[in-house]
Amino acid sequence: MFRSLTIEDCLNLNREDLAAESVKEIEKMEPVLKSFITVCKDHEFHSGEFAGIPIAVKDNITTKGVKTTCASKILENYVPPYNATVVEKLLLRGFTVVGKTNLDEFAMGSSTERSAFFPTRNPWDPTRVPGGSSGGSAAAVASGEVVAALGSDTGGSVRQPASLCGVVGFKPTYGLVSRYGLIAFASSLDQIGPITKSVRDAAILMSVISGKDAMDSTTVDKNIDFLKDIENGISGMKFAVPKEVYDYEQLDSGVAALFDEALKLAEKLGAKIRKVRIPSMKYAVAVYYVVAPAEASSNLARYDGVKYGLRVEEKGLKDMYKRTRREGFGEEVRRRIMLGTFTLSAAYYEAYFNKAQKVRRVLSSELDSVLTENDAILTPTSPITAFKLGEVKDPLTYYLMDIFTAPANLAGLPAISVPYGFSNDLPVGLQIMSRRFHDAKVLRIARSFEKNSPYNSNGRIRLPVVRA
Amino acid sequence: MKTVIGLEIHVQLLTETKAFCSCSANVFEKAPNTMICPVCTGQPGALPTVNKAMIEYAVRTALALNCEIHRFSRFDRKNYFYPDLPKGYQITQYFYPIATNGYLELDVGKERKKVRIRRLHIEEDAGKLMHEGDAITKAHHTLVDMNRCGVPLIEIVTEPDLTSPGEARRFLEKLRSILRYLRVSSGDMEKGALRCDANISVVDEKGFSSNRVEVKNMNSFKFVEKALQFEQNRIIQALKSGSNVEKETRGWDLTSKTTVSMRGKEEESDYRYFPEPDIPPVVISDEYIEKIEESLPELPDQKKDRFARDYGIPKLDAEVLTSTRELADFYEECVKIKPKPKEISNWIMTELLREMKNSESEVVPISPRHLVELIELVETGSVSIKMAKEMFPEIFATKKMPRQIVEERGLKQVNDRDVIEKIIKQAMEQNPKAVRQYRSGKKGVLGYFVGAVMKQTRGMANPQLVNEIARKLLEG
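These protein sequences, in sequence, are chains A and B. Per the numbering used here, the very first residue in the first sequence carries number 1386; after that it's consecutive. Per the numbering used here, the very first residue in the second sequence carries number -4; after that it's consecutive.
Everything labelled a hint here was simulated from the structure, so no lab data went into it. Given the structure is predicted, the values throughout are model-derived calculations rather than measurements. Be aware that a few hints might be false.
[As the list claims (entries may be wrong)] Which chain A residues stay away from chain B? Per the calculated CB distances, all over 10 Å, these:
1) GLU1393
2) ASN1399
3) GLU1401
4) GLY1433
5) GLU1461
6) ARG1564
7) ASP1614
8) VAL1661
9) ARG1662
10) TYR1706
11) GLY1715
12) LEU1774
13) ASP1779
14) LEU1781
15) VAL1850
[Claimed, not checked] Calculated cross-link-like contacts (lysine-lysine; reagent style DSSO-like; alpha-carbon spacing at most 30 Å):
16) LYS109(B) x LYS381(B)
17) LYS1703(A) x LYS73(B)
18) LYS1449(A) x LYS286(B)
19) LYS1607(A) x LYS1836(A)
20) LYS1700(A) x LYS47(B)
21) LYS1692(A) x LYS133(B)
[Stated by the list, open to error] Here chain B is said to cover these stretches of chain A; the calculated rule only asks that three of the stretch's residues, wherever they fall, bring their Cβ under 8 Å from a Cβ of chain B:
22) 1600 to 1606
23) 1690 to 1698
Quick reminder that beta carbons are idealized off the backbone N, C-alpha and C, glycines included.
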C-alpha cells in the first residue's frame, strides 16, 4: 500500500514506478486536500541510494525550471534559475521531486489558510486546517500522497503542521542545513527540515540534506551521524518540563492530558522528569513577532516589480512599487512588512528591534542553562489540535499558538514534533528540544517515544484514511 | 571666512570576484546583464558569501590610512527601494565598520597636515540605470544593468578637516596614489572606480557657520575642485547677503558648470539599518593584520622622503617621481644601472612625462635600458644633448634602442677634426671680414663659424669640438 510507505520501506522495493504511483495518489486526493501548488508529472529517474523515492518540497524552496511561488501572487509565475542546495542534494541521492506544496504566503502563518491560491485541508478531517506554514507538506505526507517532504520552520512551521497532521516534523539546529534557495522569511530563524512518517526517515533525510554549504555562510561544518544511536532509548536521561506550559491558558485539556501521559511513559522508560522555570519563555512570542517581521520587511523588499514576479504597471516608479506590492502581497504579509518596517525605523529601533534582540539572548541563555543540566526540554508542540478553517480570525490568538515552538528558532536549537496520541480523534504532537548540534539526541528521544507509544502499532504511527 | 570640507569617498576594489558571489568584478563596459548570477541579482532564496580578498583589500587600505583595525566587524543592511538595488537593501557596515580613526598626511605649503579619517567600511555597489532619452524626467522608460551590482567597495569618510576646494582635490589625488600603490583599486574617477561626495560649509568672521551642503556628481578631480569652488562662492555670497543656506544635497551640473539642488532635508530617508543575518560577523586576528602589514609596499610619502634623502634630488623631483609606483620603480632601476640620480630625474621629469602625457599613457612603455643607453650616448659624445632630446619621442613611440635609431637615421655625431677644420677654413676664406672682426676683439663672431659647421653637418657636429677648433683657427 503506497500511502503508508516510509523511505526505509521503499529501499526494499522496486522503485521505478513509485513516482508515478505518487502522482496517481496526488491526483486522487488533491480535490479534497489541495496540498500541492505544482505537481511535476514528468520525472527523470535519478540513480542513487534513494533512486525513485517520491518526495515533496515546500513551494518556498527553489527548483530550477519549476515554478516556485511562496504561495504568493507576487511570485505566481516565478521560475527560479537554480536549485536550492537541499534540492540538489535530494536529486544527487536519487530522490524524485513530485511536487511543490502549499503554504501560508511566504511561510507567514500557522494554518495554510493564508496561501494566496487556496487553503490546504487536514487529512484527518478536511473541514480542519493542516497547520502551517508547511501545511501542504504535512498533509501530503500524512495522507500518503508522497513518502516524505521538506518544509521550512521559522517559528514552528515544520513542527506545528506535523503535529496537527500526526506526522514527524524536525527543525534542525540553525546552520546544519543550507538555506541557499530557501526563499527567506526571517533569515536568522529560518531552517529547512524534514516531514516524515517515521523518526528514522527524518534522520535519513537529515543525513541527506545537512552539511556545510559554501553558498550559505551561516552553515557549519559538523559531521553528525543521525542514525547511529537512534535505537538506544532514553534510560538514564533527564528531561526538563517548563512549568510555563501549565500557565498557558489556551492549552487544550486533551493535549495536556496526553502530554502528561507521555511524561509518564518517559519515566517508565527510565528517564527522569524535572519541572523547571524558564521565565523568558513567556516573552518568546513577543520577541518572535518583532524579530521575524523586521527581517521579513527587508527580505521581501526585493519583490518590487522590477526584475521578476508580478508587476502592476503604473505611471512613475513609486506608484508602480506601491500597486505591485499592494496587489502582490496578501493581508498578513503586508501586516508583517508594516510591523517590521516600523520596528526597524530609526525612532523605534532601540525600543523594539534591539530590545527584542536582547531578550532573545536572555531566552537563549536560559534555555542553554536548562539544557546543560538536562538532555532535553519537553513540551506539547501545539497548545491545540487542528482547528476548523476560518475558526481563528484574530491575529493575536493566531500568533500565540507559536508559544512552544518559537523558542527553538530564537535560540537556534534542534526540536522535533513526534505524534503522541489523539484528542477528539485529532492528532497531538510532543515536542522535544535539545542543545545546539544535539540533533541526533533529539531524534533518538523521539524514536523512543515513537517505538513505545501505545497509540502506535509496532512503533509505526497511525495514518489517516482520506476518502476521495 | 573659513571653509570646512569633509569627503565621503567610494572606492571600487580590484578583487577578482564580486563582494558576495563568484561573478567577475571586472564589469567595466561589459555588455549589460552579462556579469550576473542569482546572488547579485537578488533572486529569491539566494544568499551572500563574503569574498575574503575584499576583507584583505579593505584592511590593507585601512592600514595605509593609519586606521584602527577592528578585530570584530559586521555587515548590516541598508534598506531602500531603487531599481538599481535588486535586493531592496545594500549590504554595508553601519554599526561596526572594519576600521576607524585614521589619517592621511597632506603637504600644505611647508607643513605636513593630517586629514583625519573617521571611518572606513566595506559595502557593495549598486547597478546602473540607463534612461531612454536625454534626461531622467523626459525618459519614456529606464533600463537596468545589474553588472555592477555587488562589486566590492570601500567607503572612506573623512573628518571635516579640509579647508579649500584645492585641498580636497589634493587629498583625493593623494588617496588615489596610495590606492594604486596598494594595488587595491584603479582609482579612476572617470570610470567610476573612485567616487566622491563632499560636505561643505563656511564659517564667517563672527564664527557663524552656514548649513552643511552635500555636493554630488563630481566625476573627476577637476570637477571636485570646480564644484566645490562654485559651492563655496555660492555659500559665501549667501552669508554676505544674509540669506539662508539650505541644508540640502546638490549635484554638479556639467553643462551649466554650477551646482543644482537635488533634494532637501525633508526628503532624507530612514534606511532602517539592522544586522545582516545572512553573514556571520567578520572576526580577524592580530596575526592576520600583522601579515598584511608586513606585505604593505612602501607608500608614496615614505618613498618620496627616501628618494630625496638617498638620491640627493630636490623634494619636487622626489614627489613627481613617486607619483606612481611604476614610475618610482622605473627611476630606481635606471639609477641602479647608471648612478646619475639627478640627470635621470631630469630626463624623466621632462622628456618621459611629457611623452606619457601626450600619449595619455599611464604606464612607462620603455625600459630603464632605453634611458640609460641614451644618457650614455650623450656622455660619450656620440650624440649631442639636443639630438638625444630629439630622438626621445621616437624611442618612446617605437621602443627602439637609442643606438639603433642613431644608426638608422645616420645621426651619429661628427667628431672628425679634419672634417670640422675643413668647413671652418672654407668659411674663413669666404668671409675674411668676419675673421678680421674676431681678431680685433669681437669674440661674438665665433658663433657665425660654429653655425656654419652646424649647417653643413645638419647639426650633427660635436658642438664642444667645433667651438674648440674654431677658436684655435681664428686665433691663428
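Practice prompt. Please confirm whether ASP1779(A) is truly not at the interface, meaning its C-beta sits more than 10 Å away from all C-beta atoms of chain B.
Written response: holds, 28 Å
Item to complete: Please settle this one: GLU1461(A) was flagged as non-interface, so is its CB more than 10 Å from every CB on chain B?
Response: Correct as stated: the minimum Cβ-Cβ distance to chain B is 13 Å, above 10 Å.
Discussion item. Closer than 8 Å Cβ to Cβ for three or more residues is the test here. Does the segment 1600 to 1606 of chain A pass it with chain B?
Written reply: holds (count 4)
Fill in: VAL1661(A) and chain B, when compared Cβ to Cβ, separated by more than 10 Å
holds, 29 Å
Worksheet entry | Status of the stated non-contact between GLY1715(A) and chain B (beta carbon gap over 10 Å) | holds, 17 Å
Item to complete: Take a quick look at whether LYS1692(A) and LYS133(B) sit within 30 Å of each other, Cα to Cα.
Response: Between LYS1692(A) and LYS133(B) the Cα gap is close to 22 Å, so the pair holds against 30 Å.
Practice prompt. Over 10 Å to the closest beta carbon of chain B is the bar; see if LEU1781(A) clears it.
Written response: holds, 24 Å
Fill in: Pairwise hint evaluation, LYS47(B) against LYS1700(A), where the allowed Cα distance is 30 Å at most
At roughly 43 Å apart (the allowed maximum being 30 Å), LYS47(B) and LYS1700(A) break the hint.
Discussion item. Tell me whether the statement that chain B covers the segment 1690 to 1698 of chain A is true, taking a Cβ distance below 8 Å and needing three residues at minimum.
Written reply: holds (count 3)
Worksheet entry | Non-interface claim for TYR1706(A) versus chain B (Cβ beyond 10 Å) | violated, 6 Å
Practice prompt. Given the hint that LYS1449(A) pairs with LYS286(B), test it: the Cα-Cα distance must not exceed 30 Å.
Written response: With a Cα-Cα distance of about 43 Å, the restraint between LYS1449(A) and LYS286(B) is violated, given a limit of 30 Å.
Worksheet item: Quick one, are LYS1703(A) and LYS73(B) close enough, alpha carbons at most 30 Å?
Response: holds, 19 Å
Figure legend: structure checked against the earlier numbered hints; hints not met, in rising order: 6, 10, 16, 18, 20.
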